[in-house]
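Use these hints to put chain B onto chain A, whose structure you have.
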Amino acid sequence: MPMEKTRPSGTGLFDRIDRNIGRVMIAPAIIVFLCVSLYPFLFNFWMATHNVSLLNIRAPEWAWTGTRNFLRILRDPSTQGALIRTAIFASATVTLQLTLGMLGALAFNRAFRGKAALMVLALVPMMVTPIVVGISWRMMLNYDWGLANYFLDLVGSGPLQWLSNPRMALISVILVQVWWGMSFAMLVILGGLAAIPRSLYEAAEVDGASDLRMFFHITLPMLRPVLLIVGTIKVIDALREFDLIYSLTGGGPGDATRVFALELYYTAYERGNFGMSAAQALLLMLLVLILTVPLIRLLTSKEPT
Amino acid sequence: MSLKRRTLLGAGTAVALALAAPGLAQAELANVTIWVQSGPEAEALGEVAKAYTDSTGNPVTISPQGRAGWRQRYETALAAGSTEFDGVLHISRFVPALAAGGLIAPYDDYIAGAAEYDADDFPEIIQSEMKYDGTWYMMPTDITLETLVYRTDLIPEAPETWDDLRENALKFTQSHNPDSPTKYGFAYAGSPGNVMAAFLGIMGGHGGDFLDGESCVTTDSPEVTAAWKMFVDMKNEDKVTPPDINAWDYPELLVGLQNGTLAQAQFFTAGMPILNDCAQSPDVCENLALVAQPEGPMGSKTRVNPLGVMMNAQSPNKDALWAFLEFATGKEGALIYSEAGGQSPRSSVLANEEIAAGRPWVPEVLKASKAGMGTLRIAESREVAEAFDRYAQQAIAGQITPEESLIKAAEEMRAILGGC
Chain A
99 MPMEKTRPSG TGLFDRIDRN IGRVMIAPAI IVFLCVSLYP FLFNFWMATH
149 NVSLLNIRAP EWAWTGTRNF LRILRDPSTQ GALIRTAIFA SATVTLQLTL
199 GMLGALAFNR AFRGKAALMV LALVPMMVTP IVVGISWRMM LNYDWGLANY
249 FLDLVGSGPL QWLSNPRMAL ISVILVQVWW GMSFAMLVIL GGLAAIPRSL
299 YEAAEVDGAS DLRMFFHITL PMLRPVLLIV GTIKVIDALR EFDLIYSLTG
349 GGPGDATRVF ALELYYTAYE RGNFGMSAAQ ALLLMLLVLI LTVPLIRLLT
399 SKEPT
Chain B
645 MSLKRRTLLG AGTAVALALA APGLAQAELA NVTIWVQSGP EAEALGEVAK
695 AYTDSTGNPV TISPQGRAGW RQRYETALAA GSTEFDGVLH ISRFVPALAA
745 GGLIAPYDDY IAGAAEYDAD DFPEIIQSEM KYDGTWYMMP TDITLETLVY
795 RTDLIPEAPE TWDDLRENAL KFTQSHNPDS PTKYGFAYAG SPGNVMAAFL
845 GIMGGHGGDF LDGESCVTTD SPEVTAAWKM FVDMKNEDKV TPPDINAWDY
895 PELLVGLQNG TLAQAQFFTA GMPILNDCAQ SPDVCENLAL VAQPEGPMGS
945 KTRVNPLGVM MNAQSPNKDA LWAFLEFATG KEGALIYSEA GGQSPRSSVL
995 ANEEIAAGRP WVPEVLKASK AGMGTLRIAE SREVAEAFDR YAQQAIAGQI
1045 TPEESLIKAA EEMRAILGGC
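Heads up: the sequence lines are chains A and B, in that order.
Using my numbering, the first residue of the first sequence is number 99, and each one after it goes up by one.
Using my numbering, the first residue of the second sequence is number 645, and each one after it goes up by one.
Excised from the complex, chain A in its bound form (with noise of 0.2 Å):
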């Protein structure tokens, strides 16, 4: 007959200890998380029910509003630009990041000549700050002396206004964005590609599997965990991205690139309102967990053989 585990039963002290061991050993997690996350969650919570600003942030009570400012900021022209901007943003840089990432992936995947330099300068921009790489690109992308035009000069185009233009600010916000953060995709997704066996490609090669056939069928399926990781990643980072963007154009021209995140900021420090701030931080809390819960749940459901 198998030995079972039991739980110690007695009332001694060590067996007090002894059952209780697990809660004392995580309660110092615990009291750290409740003190960093959970205080400051709950404080926001009160301020997004109450009047709060600038103006009476000192005051020693604040009105209560209830639904009120989260009426106001669904209803607020600017928070919908902004909504819609950041669905933009978000979906073009996570597609863009995944899919040249996958690309930069199955290139380092072979040998070649000077791999491991080429390596390390594709991983150069994930080790720069968003702040720095914001101010660095801001001067690449100058009308008139940046980088950017004197190469569109070097090939016979026009020089764009890469900042400037409404439209344009928002490509150039994206591809700056992607260019920061596609080498911890490709980074990760290499990783996954490594630890697929090597035996599923030998032997879809004997069946005479074409490389389309096999990146379809056994690649793209044994890196679905991975993807999912590394999109769940990027889907919260596009939706918080704030310090590479303020710095690049600060949320303009006009509003053009006022992502949520820059959004939220410009209510709380511009205007003075954190009351409507705290609510419009709950509502990015909550669009994060829309759109990544189900992506949490892919990645932990079966998986197909």
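Treat the hints with caution; some may be incorrect.
What the simulated footprint calls covered on chain B by chain A, stretch by stretch (three residues with Cβ under 8 Å from a Cβ of chain A suffice, anywhere in the stretch; the number is not a length) [unchecked claim]:
| hint | region |
| --- | --- |
| 1 | 719-726 |
| 2 | 734-746 |
| 3 | 893-904 |
Keep in mind that the hints were calculated from the coordinates and are not lab data.
Fair warning: this is a prediction, and the values are worked out from it, not measured in the lab.
Ideal placement from N, C-alpha and C gives every residue a C-beta, glycine not left out.
Chain B in isolation, oriented as in the chain A frame:
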């Protein structure tokens, strides 16, 4: 005296001194901390603090903070009731909202109680910029103006009127005159957050303002519309500015002046030391001058941008902070500050010949400050500015007409102010 008596007397004296010492120490050693953005202002104020501490023994800590996110950092600290600093140095534009919210403390009683403090030595516009609702909330340490900087080798006489400026701009823009040595005739900081400030001078020169004396919105008045149309048309119709001017900030203006791209530009006086330094601006160091903004139909108005120290409402060392500021912004401290690289807004310091000897633009600063154009002095100033800026940017980008942008901005401003 017997040994026992001497011992008792000595012990008693020691006890008395020990009890009194903490009180004595506190009166002379109240440590004051002032947060300042890192840069020349922090260095200059540091020199003043050193001189003050040397003469009084009272310690002052000038704590330089990083420039990125500076305003958000100190505002959050003030809103949270932090006592980490007693004073904070920044530009006057942010005084109204902070004062209205009770985050900074007034100076009126301190100034009234300082018989020898000459507040009237500051130009009227500077005094106005330091106040909210008639009360002093900032002590002025530095002045910088958004003046006109132009190439003296190309434009021998400074443009007197905005029409003259426009004529010069057309002459020195390569798309109009291929022989022009400069690519563009005029530029300003048109990026988000800067347009309202860049527009102030030309608006004032046309007799316009965002609000009237009763805080009614006049942004869509004929005067403001005429000025705004001229301003926007210089980019969209005349094409004398860089086409991406709405992405230009002060670093771009500096580079544009240094590398000879621009013939004229609205630029801060604080940038002149770099432009006049041949090591940093070899191509143009001897060919750049600064003047007050040109005249409109109602004269010349130049945007004034003073810096000063605001008192943290939660500070436990208000008296000590005032003692330092009374010195720092008084005539002696102001001179030390200016000699250390800053520029005090005191008229007596601006007129000081020794200071002017090393900075040829200072007499213009004094002249321009007498016809200065200040910022909005209402609690909702930032909301109103943000509304204007957003529509202004759309007009500059050519998405809407200048007139439309003012109508929309005025509508939103009236909604914010809940009035006329």
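Results for each hint:
With 3 residues bearing a CB less than 8 Å from a CB of chain A, the region 719-726 of chain B meets the requirement of three and the coverage assertion stands. Coverage of a stretch by a chain is defined here by at least three residues with a beta carbon nearer than 8 Å to that chain's beta carbons; for the region 734-746 of chain B and chain A the count is 5, and the condition holds. By the rule of at least three residues with a Cβ nearer than 8 Å to a Cβ of chain A, the coverage given for the region 893-904 of chain B holds, with 4 such residues.
In terms of the numbered hints stated before, the structure departs from none.
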